[in-house]
Amino acid sequence: MVFRKSFALESNDKVVTFHNVTEQAAETVRESGIKEGIVVISSHHTTCSVITQECAFDMSMTGLETLQQDLVNVFEKWIPTQRSEGMYLHPGQEALDYAEQHGEDNFGCHNTDAHLRSSIIGRSVTIVVDNGTPDLGEFGRIHFIDWDQTRGRTRTVWVMIIGE
Amino acid sequence: MVFRKSFALESNDKVVTFHNVTEQAAETVRESGIKEGIVVISSHHTTCSVITQECAFDMSMTGLETLQQDLVNVFEKWIPTQRSEGMYLHPGQEALDYAEQHGEDNFGCHNTDAHLRSSIIGRSVTIVVDNGTPDLGEFGRIHFIDWDQTRGRTRTVWVMIIGE
Amino acid sequence: MVFRKSFALESNDKVVTFHNVTEQAAETVRESGIKEGIVVISSHHTTCSVITQECAFDMSMTGLETLQQDLVNVFEKWIPTQRSEGMYLHPGQEALDYAEQHGEDNFGCHNTDAHLRSSIIGRSVTIVVDNGTPDLGEFGRIHFIDWDQTRGRTRTVWVMIIGE
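Residue numbers (our numbering), protein chains in the order written: chain A, 37 to 200; chain B, 37 to 200; chain C, 37 to 200.
There's no promise every hint is true.
Because identical chains share one entry, a pair is satisfied inside a single copy or across any pair of copies.
[To be verified] Pairs of lysine to aspartate or glutamate, DMTMM-like flavour, derived with a Cα cap of 25 Å:
{"no.": "1", "residue 1": "K113", "residue 2": "E72"}
{"no.": "2", "residue 1": "K41", "residue 2": "E121"}
{"no.": "3", "residue 1": "K113", "residue 2": "E140"}
{"no.": "4", "residue 1": "K113", "residue 2": "D133"}
{"no.": "5", "residue 1": "K50", "residue 2": "E121"}
{"no.": "6", "residue 1": "K50", "residue 2": "E112"}
{"no.": "7", "residue 1": "K71", "residue 2": "E112"}
{"no.": "8", "residue 1": "K50", "residue 2": "E140"}
{"no.": "9", "residue 1": "K71", "residue 2": "D94"}
{"no.": "10", "residue 1": "K50", "residue 2": "D141"}
{"no.": "11", "residue 1": "K113", "residue 2": "E63"}
{"no.": "12", "residue 1": "K41", "residue 2": "E136"}
{"no.": "13", "residue 1": "K41", "residue 2": "E63"}
{"no.": "14", "residue 1": "K113", "residue 2": "E174"}
{"no.": "15", "residue 1": "K71", "residue 2": "E174"}
{"no.": "16", "residue 1": "K113", "residue 2": "D49"}
{"no.": "17", "residue 1": "K50", "residue 2": "E136"}
{"no.": "18", "residue 1": "K71", "residue 2": "E200"}
{"no.": "19", "residue 1": "K50", "residue 2": "E67"}
{"no.": "20", "residue 1": "K41", "residue 2": "E200"}
These aren't lab readings, by the way, just hints derived from the structure by calculation.
Remember, predicted model here, so these are calculated numbers, not experimental data.
Model the full structure from these sequences, guided by the hints.
Shown next, in the form of structure tokens:
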């Protein structure tokens with residue numbers, strides 16, 4: 037049996053966005069009636085990721101949980117946010133021309149760090165469903181991440197459940 | 037058709053734990069009778085991962101295969117093991133207070149590196165099942181990793197098979 | 037319902053290989069007749085990965101799209117290509133002896149970087165199938181990556197679809 041649902045989120049500009057989507061995923065699993073199987077939580081977008089991570093209680097100055105901010109910080113060391121041209125090869129002239137012809141933002145094309153981080157972490161997680169519940173442990177949370185800091189946008193998340 | 041099983045492992049303190057769970061996964065697939073589909077091997081815990089990696093033959097001084105030790109070593113460069121306070125924002129005061137109220141170990145809360153590494157690699161792998169066998173190639177192995185070096189614990193691994 | 041297909045690719049020596057397998061995956065989903073579910077695109081090999089990434093238009097000097105080259109470049113910083121012995125613990129003497137006994141190439145054993153990068157990114161992606169189409173957005177592409185730069189080889193890719 038297959039059951040699916042998508043929903044929309046609003047992401048931030050200027051900072052990496054973390055949305056806790058644990059309850060939406062668990063509620064969709066309950067709604068499906070599926071007791072045993074898997075739930076795939078997936079981003080429609082190539083600059084976003086989905087991860088599971090423990091709830092961290094304390095908050096950083098930008099409003100992220102400390103573990104979320106630590107994740108951003110380690111990526112900042114390896115794949116720094118693109119704050120000027122030339123940090124990465126992308127976007128090249130053809131990509132910029134294409135964007136301009138389609139009324140898109142030059143600044144918004146410089147989200148290479150977001151593309152790379154999303155490719156590495158991946159756009160989805162697959163979680164075991166046991167007895168009608170996603171297996172997350174006591175403090176496990178599902179976070180949708182929008183790595184793109186150039187603008188806020190409406191983002192789409194998929195919840196796809198397969199099982200019986 | 038859905039078939040599932042979980043089993044327990046004992047992890048180490050002081051070093052990152054790698055458990056070869058290839059045979060348990062293959063045996064569970066055989067037991068299921070499922071010939072074509074997928075098998076998801078998943079950690080119940082947010083400081084653990086599951087990966088596939090080639091068998092490496094030689095061992096490091098801590099008893100890991102060389103490729104496993106190389107993986108630990110590259111993470112040590114990027115996301116070093118938390119050996120003192122202040123290397124990461126997590127755990128903050130609220131997390132430490134919560135732990136103390138629940139009789140948990142202050143030292144054991146300083147496993148931030150394990151949380152970050154697990155978020156990046158992920159808690160599960162999805163492997164194609166072909167003709168009743170997980171597709172791993174001749175030397176592919178499935179390793180359960182416990183990144184948490186602050187203590188040894190009983191860990192739970194899921195094997196979830198979907199197919200026909 | 038389950039539907040599967042595998043196909044072969046030829047990878048490069050000397051540079052990391054990216055193959056755009058988007059159309060093969062989409063065509064296999066159409067052929068399956070499955071409308072809602074998931075498609076898993078998976079590498080048979082432990083030195084390869086599958087990712088999704090946006091089309092980047094411009095090309096690098098080695099013939100990769102700029103975003104692909106940026107991904108290679110950030111890994112080069114963290115997990116450099118093995119250009120001489122001793123950069124990693126693997127391959128050890130037993131691995132080299134085994135290779136020699138089986139007529140394999142000593143040079144080709146020094147692909148440790150490829151094993152590590154593949155373990156970190158993973159060997160597969162799981163993509164939501166909605167209305168008979170893999171959910172990739174307008175510019176999303178599925179890339180098979182062969183990280184191994186020591187030799188060109190025939191590589192096998194799996195497309196496994198589960199749904200109804």
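Report task. Indicate which option fits the pair K50, E121 if close means a Cα-Cα distance not exceeding 25 Å: within, between, both or neither. Result -> For K50 and E121, only the intra-copy Cα distance (17 Å) is at most 25 Å; the inter-copy one is 29 Å.
Query raised in the report: Are the CA atoms of K50 and E67 at most 25 Å apart within a copy, between copies, both, or neither?
Result: Neither. Shortest intra-copy (36 Å) and inter-copy (43 Å) distances fail the 25 Å Cα cut-off.
**Report entry** Same-copy or cross-copy closeness of K113 to D49 [CA-CA at most 25 Å]
**Finding:** within (20 Å within a copy, 28 Å between copies)
Query raised in the report: Between copies, within a copy, both or neither: which fits K50 and E140 at Cα up to 25 Å?
Result: This pair counts as within: shortest intra-copy Cα distance 18 Å, inter-copy 37 Å.
Query - Homomeric proximity label, K113 with E72: Cα distance no greater than 25 Å - result: neither (40 Å within a copy, 40 Å between copies)
**Report entry** Within, between, both or neither, where K41 and E136 count as close if Cα-Cα is 25 Å or less
**Finding:** Classified as neither: same-chain Cα gap 34 Å, cross-chain 40 Å, threshold 25 Å.
**Report entry** K113 and E63: within-copy, between-copy, both or neither at 25 Å Cα
**Finding:** neither (37 Å within a copy, 40 Å between copies)
Query raised in the report: Is it within, between, both, or neither for K41 and E200, if the alpha carbons may be no more than 25 Å apart?
Result: both (17 Å within a copy, 15 Å between copies)
Report task. At 25 Å max between alpha carbons, let me know whether K50 reaches D141 within a copy, between copies, both or neither. Result -> within (15 Å within a copy, 37 Å between copies)
**Report entry** Identical-chain pair category, K71 with E112, by Cα at 25 Å
**Finding:** Intra 40 Å, inter 40 Å, cutoff 25 Å: neither.
**Report entry** Copy assignment of K41 with E121, given that the CA separation must stay at most 25 Å
**Finding:** neither (39 Å within a copy, 42 Å between copies)
**Report entry** Same-copy or cross-copy closeness of K71 to E200 [CA-CA at most 25 Å]
**Finding:** both (6 Å within a copy, 18 Å between copies)
Of the numbered hints listed earlier, those contradicted by the structure are 1, 2, 3, 4, 7, 9, 11, 12, 14, 19.
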